[in-house]
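Heads up: the protein sequence lines correspond to chains A and B, in order.
Those letters in the first sequence? Residues 1 to 557, by this note's numbering.
Those letters in the second sequence? Residues 1 to 893, by this note's numbering.
Keep in mind that a hint or two might mislead.
Said to hold, decoys possible - Take a look, some chain A residues computed to stay more than 12 Å from chain B by CB distance: (1) VAL181; (2) ASN215; (3) GLY258.
To be verified - Mimicking SDA-like on lysine to any residue, the simulated pairs with C-alpha atoms at most 25 Å apart in a straight line are: (4) B:LYS477 x A:GLY476; (5) B:LYS477 x A:ASN458; (6) B:LYS477 x A:ASP484; (7) B:LYS68 x A:ASN403; (8) B:LYS886 x A:THR25; (9) B:LYS694 x B:THR736; (10) B:LYS68 x A:ASP484; (11) B:LYS477 x A:THR25; (12) B:LYS477 x A:ASN485; (13) B:LYS68 x A:ASN485; (14) B:LYS68 x A:GLY476; (15) B:LYS477 x A:ALA377; (16) B:LYS886 x A:MET531; (17) B:LYS68 x A:GLN469.
These are calculated hints, taken from the structure and not from any lab test.
Nothing here was measured: the structure is a model prediction, and the numbers come from that model.
Cβ coordinates follow ideal geometry from the N, Cα and C atoms, glycine included.
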Amino acid sequence: MAGNSLQANQIAIQVVGQNIANDNTPGYIQENVDLQPGPTQEIGNLLLGSGVRVQGVQQQLDTFLEARLRDAMSDESNTSTQSSTYTQLEQIVNALGSTNLGTAMTNFFSSIAQVLNSPQDVSTQNQVVLQGQTLTNTINSMAQQINSLRGNVNQQVASMAGQINQLTGEIASLNGQIAEVQNGVGGQSDAGGLQDQRLSDLESLAQLTSIQVENQADGTVNVYAGGEYLVYGSNVNQINVAYQNSGGMNVAQLQIAGSNAVLDPSSGQLAGLLASRDTALGGFLDTLNSFSQTLADEFNKVYSGGQGLTGYQQLTSENAVDSANLALNQAGLSCTPQNGDFQLLVKNTQTGLTQTSDIRVDLSGDGNDLTLNGLAAELSQVNGITASVTADNRLSISCSSPNEQFAFSSDNSGALAALGLNTFFTGDSASGLGVNATLANDPSLLASSSGGIGTDTNNAATLANFANQALASQGGNTLTDLYDNMTSDLAQASATASSSSQAAQSFSATLTSQKASESGVNLDDQTIQLMAFQRAYQASANFIQTIQQMFQTLLQI
Amino acid sequence: MSTILGISTSRISDQYVYQQLGSQLDANLAQLTQMETELSTGHQFQLPSQNPVAAQQVVSLTSLLQQKQQAQTNVTSAQSLLSEVDSAMTSINNLMSQARATTVGAVGSTATSAQQQAAAEQIQETIQQLIDIGNQQFDNCYLFAGTDTQSQPFAAQGTNVAYSGNDQNLCTYTDVNQLTQTSVSGSQVFGAVSQPIGANVDLSPNLTFQTRLSDLHVGQGIDMGSIAVSNGTSTSIVDLSGADTIGDVANLIRSHPPAGSTLDVQVTSQGLVIQLDPSSGPGNLSITEVGSGTTAHDLGIYDPAGVGNQPLVGSALDPQLTATTSLDEILGTQAQAVVSSPGGNSNILLTAQTAGLQYDGATIAIENDPTVTAGQETVSYDPTTMAIVVHVEAGQTTTQDVVAALNNANAAGTIPFTASLDPVAGEGDGSTLIGVTPNGQVAGKTAGGGGQPLDQFSGLQIVNGGSTYDIDISQCKTVQDLLNTINGAGAGMLAGINQAGTGIQLQSLLSGCDFSVGENGGVTATQLGLRTFSADTPLSDLNYGQGVTTNSTTAGGGSATDFTITRADGVSISVSLAGCQTIGDVLNAINSNPQNTPAISGGPPALVAQLSWQGNGIELVDDSVGSGQLTINQATGSNAAVDLGLIPAGQTSQSSSAASTAASATITSPGDNNDLVFSSRSDSFGNGWQVVFKNTTDSPSLDFDPTTRVMTFDINAGTTTANDIISLFDANSQATADFSLSLGANDGANDGSGLVADNTAAPAVLSGGSPQTVTGGDPNPQEVDGLFTALARIQDGLTTNNTQEIDRGVSLLDKAVTQVNYVQADVGAKQQGLQAQATNLTNQTTQLQSSLSTVQDTDMTQVITALTAEQAAFQASLEAMGQIFKLTLLNYL
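Generate the whole structure from the sequences, applying the supplied hints.
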């Protein structure tokens, strides 16, 4: 009896020693000795205890808390990933900086306002072109930076597969070892170190992607992600990367091997990356694209009805139609023209006289809707003008006489803007936006007049205030409103992401503290236990001494 | 950034303590770093997400601030421009005062001719100086060229000054959304452009299928929405919002009839005509608005009560005149008929080739003719009944064939109508067979003609700066062609569409001289309302507004004679202008003067006063026969004939330069004593009359036919003598009233006894009648009412020692001074406004910057205070940590 008592206390002291040794080991779970009274012996008609025995060594662990902690960690890494993406996006947009899209826009419209101050000064017109280029460059560079950031995030998504596979592999292998240890020699004891290792792996995995963990009777754990198992005993379901082209980008997707189900977790870093890539960056890129398209289309609609200081001798439309025999509103133009008309002005530079012709853009749906061929024919009827459709389905217009120039006026059909005739901006996406090269080569073509070639500055007056004009196509919003909405939506989304991240972080930290408080080692506590077991050991030893003295006394008889 | 972690109540482990302390220190450090960033950047937040609401304010405040700053630049630039204008105008004012002083010093009894010449030279110098000021540049822009800032606005042309700038003003944004005029044009300051001629003329352009909706109601356009068209039982909502032209509207209405009906829609020269097609049965066509729209009202077809099966005739839509309006589509309307056959795509529009009421009422019928094969249709026309019949091959001839046949007939001169396929969609691709008109009916009847076509053959005559320009508009097709022809003629005139958008107007750009717009042998100028001297011109406007000096009334209250016209036949006509207000009244006073008797009984007055066919002025045509000279004599006390331009200035009478001759013909028959001379009793009346001797009877007679203008003497070639002819003639009162007949001279004994011969092979024709005329000058010259004209008039007056001209020049100069002062005051007001705006903008910018600062900038005191507190907290945490780590049971064992 005394023997097993000594042995039990020795074991207990060993466990305390282990705990003290791991006082500062991260992830270490305090171990406790499970002491139980020895079995009762029947001696004569008495029932006597047989001392103490060690039932097992168990970890002081709250599995419930552990599951919550893992969820919280998933949330934390999900939200912090998103928040960090938003922060980077905000830095790209740089709404509070001195060089940003808003400033470029204001400078651009200011440069048009400057045209009003010196109406026929070509250098002022050139300034408009340059500021226009700065504006488009700003948008291009924003798009390019966002795309590159999005590419980075996409790569991280792809690299997640390897990290997940590594962790699930380790967990599976630990599962095997733990099962072997606990079911073999270990009996009722926990395989402490292995368990600690596995817990830490599970936490790491939870940070990558949200998981559900099921503890099994044999000490193993099964890990699930969205109904599919990642780890089952010592078996692993590998994660593969699949690529799919979307929006000019090879978008990476994680798939679970076997079922090919897409891994689309609700939380974890992976969820954060996916949301960053698709919602934060992709969504903002969509907004920026639609902003660019609105800027180009709406500005061009107003711009294209104006005339420059000089007219054109030859002009080819920027945008091609699908087929020159299709009605213009069904010919695949990104900006759709509508039923209306515009005027073609032909100015004789020698006499200074202008000839105006009404060009009807009949898209009334009466069966005679205007095609590009039809438009070319209509334009060719004007004296001195030859119009034709090029091989790549663009419209080419030219003057036959070197003393004549042509220009456009009063377009209510939007056909000029749609075809890219006499436009300021080219392209219809954030990365493709540019300033019309014809204009850039000859800024005197800047359409600041509306009463004829080189006549007045009425169109410039309208264009200078364009950013403050309500746009019917945008529900009455102005261009400034659209920009404001774009930046404020981003700020809101980012603020939301940031505060959820803080909340998740805080929650996760609370749970971590709770776990530390629950499962961590307290030296004072262990010292007390050490002393207690030491005293018990001493007492047991004294008990043996007493017994020995009793035997000696007996033997001396 | 500090987060508060829950304190465990169950158990404290060492790890827990480390974690707690660690995170606390982290939080403290983060807080310190944030504060440090705030202090170093001076901004409360670096990313919008740190304070989205404030960040949004920053974004919009920044944008507003930038716009205000641009407005400040604009205002500064406008201010310097205007101050330049202001100083230029001060110079102008000084020059004008000097010019006035010089002029006043050089007139009067003591002034010598040499002094006047010197003054004239000085005025010439002033004109040159003013041109130089007018051409002043600022920042590479001409100050007074309107918006045409790169071309020199003023140029001397001989003694005149031509302006080539425009009358628009530069504008700039002096605030967000606020466009302000920042310049004054040369036309305002120098009065370099004349008042427009024809500013109020309405040429009433016609509505056509292609007329844009935005041009309707004289450019006010139409608010396009939906209309509800009902046939009495069902209603169709027609969405017209996508329509661009009235043709689109017609197509849309026609293609959306109420269920069970077919609609016929026509675009007339006035408006829309809509009718339930008779084939679709009875009904009541009504058109109402949808909701609170005004589209049906705007289109003039709102009719809630309905018109039954009758056509719903929309009210006039008054399109405005545009550069592309065809000259065929103004002034008059062409009569038109729709020829419709059963089924779609078979409507023909029959249109008169020119405007005018005379083409109304023509009918057209389609007849089956077995001799005709399809493609060879023929057209017959009866000019008296105006009935067109198209002969077709029933069942073979298509609508297109009929159109072609009608147009061929028009080209051949058979019918005065042209045909076209109905432009309404579904009505006129012409592929359908033509329907034969039932006997006794017509397929269509023209209506709606009116007015007159524009006289494009004659053109205008513009006199400007002493040169005459004949404006040939015969090749013009559109209004813009017409404007270009005038603008390109080098006549110093600016032609444009008037502000009301109803007609065209002319302005002279040449200062210092007279200009006028008159006829070139036709009625073009009158039709376009551009003639500067017309029947409507008030007498008070004549002679630069000095009017006409008349003998108002006699002592007895009767009308006093202003001038007397003596005709060739010696008849004197005393003309009094009492009660005359306009030139038309003056013409009337002469033409209907009781003394102005007819030369031929029952005929018009022998003397006709009219407006010149060439240029401007009054023309007197004396058709009376006599040896006298047509003469106008001014009555004592009246200057009316001079003021009307009939007598040259400085004279009291004017006579025609050539004597008149009466139309006559001499008939010489073989032999002597038989020559007969037929003379018209009015100079020109007899021109073209024929005299026929027809040898068919024994009893001679005379047939006098004024309709065919032929006198036919039925004679017996063997017996009828010249005297017999005279007897026959004298016996015919009609003949003697219009003609006189005498024996020829130098023909034997001249006794009329010779026989007359048959001349039916070559009848005699009276000719050579030409009346005497006096053509007056233009008493209503126009001028550019401005500074240069004033000075040019003064200079001219000084050179020619014309006191009246000098006086008028001085009063023009005074008006010009008033105008310059007015504009300078306006410039002053603008400068003041800009100054106020500049102050405003400075205040606003400051305010905005302060708002921006409030929202964005770090509150240093607060942050520094907080920083100190945070440092203390950090220190406390560190100390607490040290204390806590010291505490362990082991120390006490």
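Holds or violated: B:LYS477 to A:THR25, with C-alpha atoms at most 25 Å apart:
100 Å, violated
Hinted pair, alpha-carbon criterion (25 Å max): B:LYS886, A:MET531. Please report holds or violated.
Holds. B:LYS886 to A:MET531 sits at ~21 Å (cutoff 25 Å).
Holds or violated: B:LYS477 to A:ALA377, with C-alpha atoms at most 25 Å apart:
20 Å, holds
Satisfaction of hint between A:GLY476 and B:LYS68, Cα-Cα up to 25 Å:
23 Å, holds
Given hint A:ASP484 paired with B:LYS477 - CA-CA distance at most 25 Å
Between B:LYS477 and A:ASP484 the Cα gap is close to 52 Å, so the pair fails against 25 Å, i.e. violated.
Next pair to validate is B:LYS477 with A:GLY476; report whether the Cα-Cα distance is within 25 Å.
Between B:LYS477 and A:GLY476 the Cα gap is close to 42 Å, so the pair fails against 25 Å, i.e. violated.
Distal placement of A:GLY258 relative to chain B, Cβ over 12 Å:
Fine: 40 Å to the nearest Cβ keeps A:GLY258 off the interface.
Hinted pair, alpha-carbon criterion (25 Å max): B:LYS68, A:ASN485. Please report holds or violated.
Roughly 21 Å between the alpha carbons, so the hint for B:LYS68 and A:ASN485 holds.
Is the straight-line distance between the alpha-carbon of B:LYS477 and that of A:ASN485 25 Å or less?
53 Å, violated
Given hint A:ASP484 paired with B:LYS68 - CA-CA distance at most 25 Å:
18 Å, holds
Classify the label on A:ASN215 as holds or violated, using whether its beta-carbon is more than 12 Å from each beta-carbon of chain B.
About 23 Å separates A:ASN215 from the closest Cβ of chain B, which puts it past 12 Å; holds.
Does the alpha-carbon distance linking B:LYS68 and A:GLN469 stay inside the 25 Å limit?
17 Å, holds
Consistency with the previously given hints fails for numbers 4, 5, 6, 7, 11 and 12, ordered from lowest to highest.
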